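Engineer: Listed here are the chains, written in short residue letters.
There are 6 protein chains.
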Amino acid sequence: MGTVPLLDDDDLDPRAKAVFDDIRATRGTDFVNNFWRALANQPELLEATWHRLKQVMAPGTLDPVVKEMIYVAVSAANSCSYCVHSHTASARAKGMTDEMHGELLAVIGAAMQTNGMVTAMQVEVDDEFSV
Amino acid sequence: MGTVPLLDDDDLDPRAKAVFDDIRATRGTDFVNNFWRALANQPELLEATWHRLKQVMAPGTLDPVVKEMIYVAVSAANSCSYCVHSHTASARAKGMTDEMHGELLAVIGAAMQTNGMVTAMQVEVDDEFSV
Amino acid sequence: MGTVPLLDDDDLDPRAKAVFDDIRATRGTDFVNNFWRALANQPELLEATWHRLKQVMAPGTLDPVVKEMIYVAVSAANSCSYCVHSHTASARAKGMTDEMHGELLAVIGAAMQTNGMVTAMQVEVDDEFSV
Amino acid sequence: MGTVPLLDDDDLDPRAKAVFDDIRATRGTDFVNNFWRALANQPELLEATWHRLKQVMAPGTLDPVVKEMIYVAVSAANSCSYCVHSHTASARAKGMTDEMHGELLAVIGAAMQTNGMVTAMQVEVDDEFSV
Amino acid sequence: MGTVPLLDDDDLDPRAKAVFDDIRATRGTDFVNNFWRALANQPELLEATWHRLKQVMAPGTLDPVVKEMIYVAVSAANSCSYCVHSHTASARAKGMTDEMHGELLAVIGAAMQTNGMVTAMQVEVDDEFSV
Amino acid sequence: MGTVPLLDDDDLDPRAKAVFDDIRATRGTDFVNNFWRALANQPELLEATWHRLKQVMAPGTLDPVVKEMIYVAVSAANSCSYCVHSHTASARAKGMTDEMHGELLAVIGAAMQTNGMVTAMQVEVDDEFSV
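Protein chains in written order, with the working numbering: chain A, 814 to 944; chain B, 814 to 944; chain C, 814 to 944; chain D, 814 to 944; chain E, 814 to 944; chain F, 814 to 944.
The hints are simulated quantities; they were obtained by calculation from the structure and are not laboratory data. Mixed in with the good hints, there may be bad ones.
What the hints assert, rightly or not - Label pairs and their in silico Cβ distance ranges:
{"hint": "1", "chain 1": "E", "residue 1": "E941", "chain 2": "B", "residue 2": "V944", "range": "50 to 58 angstroms"}
{"hint": "2", "chain 1": "E", "residue 1": "K830", "chain 2": "F", "residue 2": "G908", "range": "37 to 45 angstroms"}
{"hint": "3", "chain 1": "B", "residue 1": "D876", "chain 2": "D", "residue 2": "R840", "range": "27 to 35 angstroms"}
{"hint": "4", "chain 1": "C", "residue 1": "P877", "chain 2": "E", "residue 2": "T839", "range": "35 to 43 angstroms"}
{"hint": "5", "chain 1": "D", "residue 1": "F844", "chain 2": "B", "residue 2": "G908", "range": "34 to 42 angstroms"}
{"hint": "6", "chain 1": "F", "residue 1": "P827", "chain 2": "C", "residue 2": "Q868", "range": "35 to 43 angstroms"}
The structure displayed is predicted, hence computed values, not measured ones. All residues carry an ideal CB built from backbone N, CA and C; glycine is no exception.
Could you build all of it, start to finish, from the sequences and the hints given here?
Structural biologist: What follows is the structure in structure tokens.
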């Protein structure tokens with residue numbers, strides 16, 4: 814259970830409906846996942862979030878699958894279960910193989926490990942890293 | 814200042830010295846950054862950490878620059894200042910352009926944003942995401 | 814399932830029972846939620862936590878509903894599912910409307926987003942912010 | 814030092830300059846803080862971030878000072894030093910008194926404390942909290 | 814459900830099987846918990862993680878039960894539900910009593926509380942703490 | 814610089830002065846570190862925090878040095894620089910040797926590493942862990 818209801822297609826106000834239409838058109842599927850159904854309770858927030866996310870996650874200098882793997886990494890560090898699930902599924906849909914997933918897990922683990930040790934030692938930043 | 818001293822090359826025990834030699838050989842530079850100088854107080858931990866990190870960050874299915882960007886993303890989510898500095902520098906050294914950096918920042922920001930909103934709404938995981 | 818049992822009213826030692834009585838009197842309801850039933854395994858910790866929380870969350874310069882929304886925000890950032898649920902319910906009981914909830918979600922999202930980008934850029938603090 | 818340069822007014826491209834003009838007009842001050850000077854390296858990201866933040870933090874059902882205090886709370890939980898500094902300054906500028914600040918600190922502390930204990934006990938969510 | 818399948822003993826490749834054999838021999842039980850069954854999809858990562866963890870958690874200057882309690886504390890701060898469950902069980906198996914658990918919860922709570930307040934106040938580090 | 818001033822002994826109100834006296838008597842030193850000088854701006858919060866912390870960190874079933882190491886672990890996971898510094902100093906004052914510190918760092922690192930990997934894989938909790 815969540816802290817807000819998940820809206821069915823019949824419950825949407827017009828602004829939310831327009832966003833759902835764009836999600837479906839952009840992704841080429843009728844499936845709209847629960848995040849958007851929860852956010853649909855707040856149409857303005859839904860609109861702003863979807864439009865920004867659509868732009869950020871579009872192909873750019875970085876490949877979309879790379880963007881999804883970065884998204885999974887941040888979500889794991891923040892312990893967002895839903896986000897890990899949804900963006901791992903997206904990464905797979907965009908081409909992440911089991912081998913790539915294994916390397917992603919290894920990098921997340923290594924980064925978390927040294928994050929903890931560096932912070933516990935409060936290591937001073939080297940002058941060589943200045944821009 | 815840190816919670817452990819940073820060791821100079823002259824302070825190293827033989828196991829730590831061997832690791833520093835391997836760091837220099839692997840990276841092709843005489844520069845050894847402060848993380849390793851702090852960890853050198855614990856030679857066994859230094860050895861295990863370096864050997865694992867060298868393996869995890871080596872070229873694989875994922876490009877080394879992608880691995881460094883994932884590392885930066887985790888470090889930003891965990892608020893590890895030193896790690897953000899050192900791995901942003903590594904990412905640049907391995908080919909991250911300003912444009913790629915901008916996209917990395919945008920994805921980190923979007924992921925953090927939706928992590929917070931999803932967690933605040935406690936959205937249930939869709940059945941469609943099951944493996 | 815949890816890592817400690819949830820205690821029924823019949824299982825409480827006298828110190829825990831006294832705290833439950835005060836929770837019920839303070840809130841004007843017979844319902845005592847699971848957090849306190851878990852903490853009741855440690856009567857001293859239960860007492861200290863309840864007495865402090867009762868004081869901190871009481872009306873002050875800040876309105877109780879504002880305090881509950883701040884509590885939800887911290888709990889979302891820390892990814893504490895139970896805390897998000899219980900304090901969202903408390904916020905609603907103390908007057909948080911759907912519109913206020915929507916604004917809370919938007920601020921949490923914006924704060925998380927810029928937290929991630931600022932940390933990734935390691936922005937120096939402006940002198941103008943000094944107290 | 815940061816991982817990107819801080820841009821002076823003379824270094825801005827036209828899109829970034831337009832954002833700086835809007836920041837100055839909106840806030841009624843010539844001062845533009847370092848976050849925006851860092852983000853100005855990525856004009857599109859600067860634009861999107863500023864326009865969204867301006868909207869989210871504007872007066873709504875919640876008072877702007879309440880929004881700033883929520884922002885500080887999230888930033889403290891995420892350990893974003895810069896964000897804590899900048900939004901504490903904003904909260905003060907919008908009317909946060911020392912007494913309100915003290916209550917904010919107390920709520921942040923209490924929330925963090927119970928977040929940790931609840932997560933360590935893995936307390937099950939009460940049915941009563943369902944929406 | 815997870816983002817990777819949990820492997821049965823019959824699904825393991827030879828490297829994963831060897832790790833499972835070592836887990837069983839080291840722990841003196843036939844039970845292998847789900848973490849290893851999930852990681853078994855990536856045999857190299859499974860091997861490296863198990864061998865390191867076995868070494869780190871072995872008796873040293875610190876008692877194994879102390880190491881497990883530290884592990885629980887980190888896992889609670891990072892909101893890793895599975896890790897809290899598995900390492901609380903390990904701590905109990907290695908001698909953690911209810912009273913020790915209560916003190917662990919109290920320290921986690923106090924640390925989280927002051928972490929939040931210190932970060933919100935951005936307290937400067939005392940010179941007296943330098944090494 | 815912090816977000817609140819650090820109070821000198823001459824600036825304290827009577828309640829804060831009484832707490833400082835108790836800190837000095839309890840610790841057997843004239844030195845009062847900056848955390849308390851920052852918190853002294855809010856005498857009620859100072860009192861409640863000190864009295865609780867004094868009780869939680871006192872010798873119990875767990876040795877005070879173990880409690881300080883758990884405190885450091887939580888503070889590292891939460892990236893609280895000041896807390897890492899102050900509680901590492903306290904742990905050393907209460908008997909933590911370099912070897913114990915090395916083992917603490919190793920456990921923090923291992924816990925962070927598996928926290929990240931477990932969360933990224935969303936491993937289901939084993940029935941065997943139920944209490």
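Engineer: Hints first: check each against the structure and report whether it holds.
Structural biologist: Outcome of the hint check:
{"no.": "1", "hint": "E941/E <-> V944/B: 50 to 58 angstroms", "verdict": "53 angstroms, holds"}
{"no.": "2", "hint": "K830/E <-> G908/F: 37 to 45 angstroms", "verdict": "44 angstroms, holds"}
{"no.": "3", "hint": "D876/B <-> R840/D: 27 to 35 angstroms", "verdict": "42 angstroms, violated"}
{"no.": "4", "hint": "P877/C <-> T839/E: 35 to 43 angstroms", "verdict": "52 angstroms, violated"}
{"no.": "5", "hint": "F844/D <-> G908/B: 34 to 42 angstroms", "verdict": "37 angstroms, holds"}
{"no.": "6", "hint": "P827/F <-> Q868/C: 35 to 43 angstroms", "verdict": "20 angstroms, violated"}
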